[in-house]
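Chains as they are written, first to last, in my numbering: chain A, 1 to 230; chain B, 1 to 278; chain C, 1 to 226.
In short, the hints are calculated from the structure, not lab data.
Beta carbons: idealized from backbone N, C-alpha and C, even for Gly.
You may find that some hints are simply not true.
With beta-carbon atoms standing in for the labels, derived distance ranges [claimed, not checked]:
1. V62/A <-> L183/C: 32 to 38 Å
2. L96/A <-> G78/C: 54 to 60 Å
3. K127/A <-> D163/C: 29 to 35 Å
4. T32/B <-> K112/C: 19 to 25 Å
5. G61/B <-> V46/A: 53 to 59 Å
6. F126/C <-> R28/A: 48 to 54 Å
7. T82/C <-> K144/B: 54 to 60 Å
8. V46/A <-> T82/C: 49 to 55 Å
9. I216/A <-> G96/B: 51 to 57 Å
10. T181/C <-> L205/A: 50 to 56 Å
11. A206/C <-> G51/B: 50 to 56 Å
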Amino acid sequence: MTAGAVAQASPATWDWDIAQRMMPELLRGLSVTLQATLVGITVAMVLGLVLAMARRSSLPVVRWPVVGFIEFVRSTPLLVQLFFLFFVLPDLGVRLSGFTAGVLGLGLHYATYTSEAYRSGIENVEKGQWEAAVACNLSTRTTWGSVVLPQAIPTVIPALGNYLVAMLKDAPLLSTIAVLELLAVARQLNSQLFRPLEAFSLAALLFLAVSIPAAILVRYLEKRYGYSRE
Amino acid sequence: MATRENEPTSDGESAGGRPSPERPMVRFDSVTKAFGDNVVLDGLDFEVAAGEKLVIIGPSGSGKTTILRVLMTLERPDSGMIEVGGEHLYHEERGGKLVKASEKHVRRVRGKISMVFQHFFLFPHKTVLENITLGPVKALGVPKDEARERACKLLELVGMEGKHDQYPASLSGGQKQRVAIARALAMQPKVMLFDEVTSALDPELVGEVLGVLRDLALNTDMTMLLVTHEMGFAKEIGDRVVMFDNGRVVEEGPPRQMFSQPREARTRSFLDAVLDHE
Amino acid sequence: MLSTGQLQQLFSGAWITIQVTAYSAVIGTLIALVGGVASLSGSRLLRWFTRVYVEIFRGVSAIILLFWVYFTLPQLFGIFLTPLQAGMLALGTNMGAYGSEIARGAIQAIPKGQTEAAIAINLSPFHRLRHVVLPQAVVLMLPPFGNLLIEVMKASALVSLIDLSDLTERAQNLRTLRAATSLEIFTAVLVLYFLISASITLGVRALERRFGRGLDVGGGLGGAVK
Chain A
1 MTAGAVAQAS
11 PATWDWDIAQ
21 RMMPELLRGL
31 SVTLQATLVG
41 ITVAMVLGLV
51 LAMARRSSLP
61 VVRWPVVGFI
71 EFVRSTPLLV
81 QLFFLFFVLP
91 DLGVRLSGFT
101 AGVLGLGLHY
111 ATYTSEAYRS
121 GIENVEKGQW
131 EAAVACNLST
141 RTTWGSVVLP
151 QAIPTVIPAL
161 GNYLVAMLKD
171 APLLSTIAVL
181 ELLAVARQLN
191 SQLFRPLEAF
201 SLAALLFLAV
211 SIPAAILVRY
221 LEKRYGYSRE
Chain B
1 MATRENEPTS
11 DGESAGGRPS
21 PERPMVRFDS
31 VTKAFGDNVV
41 LDGLDFEVAA
51 GEKLVIIGPS
61 GSGKTTILRV
71 LMTLERPDSG
81 MIEVGGEHLY
91 HEERGGKLVK
101 ASEKHVRRVR
111 GKISMVFQHF
121 FLFPHKTVLE
131 NITLGPVKAL
141 GVPKDEARER
151 ACKLLELVGM
161 EGKHDQYPAS
171 LSGGQKQRVA
181 IARALAMQPK
191 VMLFDEVTSA
201 LDPELVGEVL
211 GVLRDLALNT
221 DMTMLLVTHE
231 MGFAKEIGDR
241 VVMFDNGRVV
251 EEGPPRQMFS
261 QPREARTRSF
271 LDAVLDHE
Chain C
1 MLSTGQLQQL
11 FSGAWITIQV
21 TAYSAVIGTL
31 IALVGGVASL
41 SGSRLLRWFT
51 RVYVEIFRGV
61 SAIILLFWVY
71 FTLPQLFGIF
81 LTPLQAGMLA
91 LGTNMGAYGS
101 EIARGAIQAI
111 PKGQTEAAIA
121 INLSPFHRLR
131 HVVLPQAVVL
141 MLPPFGNLLI
151 EVMKASALVS
161 LIDLSDLTER
171 AQNLRTLRAA
181 TSLEIFTAVL
191 VLYFLISASI
201 TLGVRALERR
211 FGRGLDVGGG
221 LGGAVK
């Protein structure tokens, strides 16, 4: 019917033996996915805070480039950014391993999201708190560190939780830059055994087994602690 | 076949339910409605004759609005029966038995009623004219041109000509309520329900809405049920006043008697409190 | 510098990106509207089904969904999917899951009085939805849908992995051919993505104005309640 180049596909049935053989390697892949997510979210949390604070700078030379950076990174695909870090940087003399480029890409991309969450958290701190800090003659560093951030950060935690779950869903993109995580393992197994059904279905199921409980947990925490939404 | 032998003309239902003069336009038969532990209608029985203007008064939270809401099918009664124009609203006869009515039946009988709300509830995304023509076009199947023409006449009737293409957001409260009245009238209902239609208005805008209501009450043969706190107005246009409290009718009678010499102490204290305020 | 021919290749890739995004958005929006309404329906079965759909298609990563659709659907059912079909199916169902939640929230945010007024003029349940509730809910949905659309546009880069010649695939292709320096190629590609994204933002703003007639957009539905 269609003039496709792919060979005539025929319905396949599930093969438990093959599935069982695939499981150990897929689980190892999943653990790499989880590690990348955890390192990535850490980068995003730290960098996002830096961006949010820089965005409040009184110097336009600091503020505007930061705003531009956030808008640009948010508006372009993570996949292309990963390619940039992994394929383009070496041409400029910076060579990163797949995993390093990957967590850096995840962290940078999501920092632009977390910075927005921090921003609304910081904006929700009463103006009077800043004024009181001035009245106490606190330094900028102490004002941020002891007055503003301790009040702002707790309100941001649910949003960070949501970004953690979102990042988990983007972590399989690292398979495209030579990181042997879940999806990369599934692709490898598929090309070795020619069993896409088991390889990709198991990958999807393993993924859901982590991501759905994580999403439910975050929603529960959000309700339980009743933080204000951004 | 009819379960109610005291109603020999039950075949009138299939004939579109034109009420005979002696038959009430609206009839509540031991209607009960509770929200949790709070019983708002406690086995309510009452009738409204065709063309009658019935004013319902009572303290807030007494359930008087719920009477209108179950009649409009915005709330379902827990038990009891309601008839409109000789037809059951929530029940229909099937195989000689009275059973829970289908959606279709409810919708057909509901077509005899329309309602004006305290907070107007105009459709904010539609112009004044579209607010009025929506029901006739979509629910009654009136051609668009005809619906428009009729809407224009109704807007004239409520003193809102020349505002056809405005959106509700640009109208004052009194104007919104007059459009809402026109919207309800456009459905050509036999029964109109008015739920505290002036309570949400600034005091200086109450008069224009009451003026429209007065015209309607005096010049049409529509059956009207009004829940209101405007006692002077109630006296002027009401055929009958019902005092409602704790889910029951406390007392009823012609306005003159109700307002000057109420029999029940409960009515007296309520009227004292309200009239003091005015 | 990139030659005219190379730029032309990138532009035709951008056109594929726009197409994939548009088709996916159409599928996603339809699913979102149906899903949003179904998740509030009176039927428990329908509500349950929507819930499961949303959890699964939101829970699974878009890229895994894409590979699953492209490689296993043909095996499971013996049907052949072109990369474009697989791409729009995966991205569309994924967007639909997120969109359902947005649509549900927007419908729930419409004041109850609007439905009551629609009952008072005896509109059928369908007409109540079509003429009263949805037109108002759509205004509330537009800003989050605009963000979702940008996410879909970004996710469309994934189709480069199943051999669709979109903007990302063209970039990788030019890079391996060493047609220009990789920095030039990727800078151009990122800028093109940024421009598409900015156009979506502007387009959604225009739609907000268009659909917001009569409503105090931004100020909530001030006209509805006193």
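A quick look at each hint next to the structure:
1. V62/A <-> L183/C: 32 to 38 Å: With Cβ atoms ~25 Å apart, the hint is violated.
2. L96/A <-> G78/C: 54 to 60 Å: violated, 43 Å
3. K127/A <-> D163/C: 29 to 35 Å: Hint violated: Cβ distance 55 Å, outside 29 to 35 Å.
4. T32/B <-> K112/C: 19 to 25 Å: Holds, at about 23 Å.
5. G61/B <-> V46/A: 53 to 59 Å: holds, 55 Å
6. F126/C <-> R28/A: 48 to 54 Å: Taking Cβ atoms as reference, F126/C and R28/A lie about 53 Å apart, which means the hint holds.
7. T82/C <-> K144/B: 54 to 60 Å: violated, 44 Å
8. V46/A <-> T82/C: 49 to 55 Å: For T82/C against V46/A, whose Cβ atoms are near 43 Å apart, the range 49 to 55 Å is violated.
9. I216/A <-> G96/B: 51 to 57 Å: holds, 53 Å
10. T181/C <-> L205/A: 50 to 56 Å: violated, 43 Å
11. A206/C <-> G51/B: 50 to 56 Å: holds, 53 Å
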